[in-house]
Amino acid sequence: MSLFSPNRREFLQGLVLAGISTLPACGLFRESPKPPVIALVLGSGAARGFAHIGVIKALEAQGIRPNLVVGSSAGSVIAALYASGYSGLELNRIGLNLDEAALADWAYPFAGRFGGLIKGDALQSMVNREVQNKTIEQMAMPLGIVATELQTGKGVLFRRGDTGLAVRASCAVPGVFQPAVIQGREYVDGGLVAPVPVRYAYEMGATFVIAVNISSDASAFNATGTLGLLQQTI
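This note's numbering applies: residue 1 is where the sequence shown begins, and numbers increase by one.
Hints were generated in silico from the structure; no laboratory data involved.
The structure presented is a predicted model; accordingly, all values stated were derived computationally and were not measured.
Some hints could be false.
[Said to hold, decoys possible] As a list, the in silico DSSO-like pairs of lysine-lysine whose alpha-carbon atoms are at most 30 Å apart:
#1 Lys134 with Lys57
#2 Lys119 with Lys134
#3 Lys134 with Lys154
#4 Lys119 with Lys154
#5 Lys57 with Lys34
My request is simple: use the sequences and hints to build the entire structure.
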């Protein structure tokens, strides 16, 4: 069944009413001689991140499987697990069994220049364990993880490398998590510059985007530099 068959049109229109954006590159529900490249974009939202699983289950119920997935902040956790091959039901099981306290590997308070209370090693290890230590480029589905370079305030799309480390970087809320260091550079929460990282999905070749915003503030951030990033967390 085509993505734009009547039943699926109604489903996608229902997503819009539920606050989930569906963004074709040109022309809503326009038939195309080429099948669309569908991206699922999972935005930031802290503890609400597991709400993304419900969207994945709804898409599966309609027989819609994205061609790629992009995640930012809490959305990067679900994006990584989904890209590794888990179904919505399996993701739901992981979420129910997750011991959140085990992810709080406490650091010395505000250790380092821009330290935080949580190191992030436990989150990195959990993600890598659940994806069977696959790197980003080894995923069953193309995966993009967005983080923010601390020194410049610019968004960075990770498409290769250690999956758990990239997720750790994307989730590193300043003042809560210590910055993640990748190839000598410090990275923090991807939600600071891309709370719903749609543009990165287009960079990866998407022609149709299903974007899920579970954050409390849908406004775009315009942080520049370290001070601007820290101000966004206050």
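Hints violated by the structure (listed by number, smallest first): Per hint list: zero violations.
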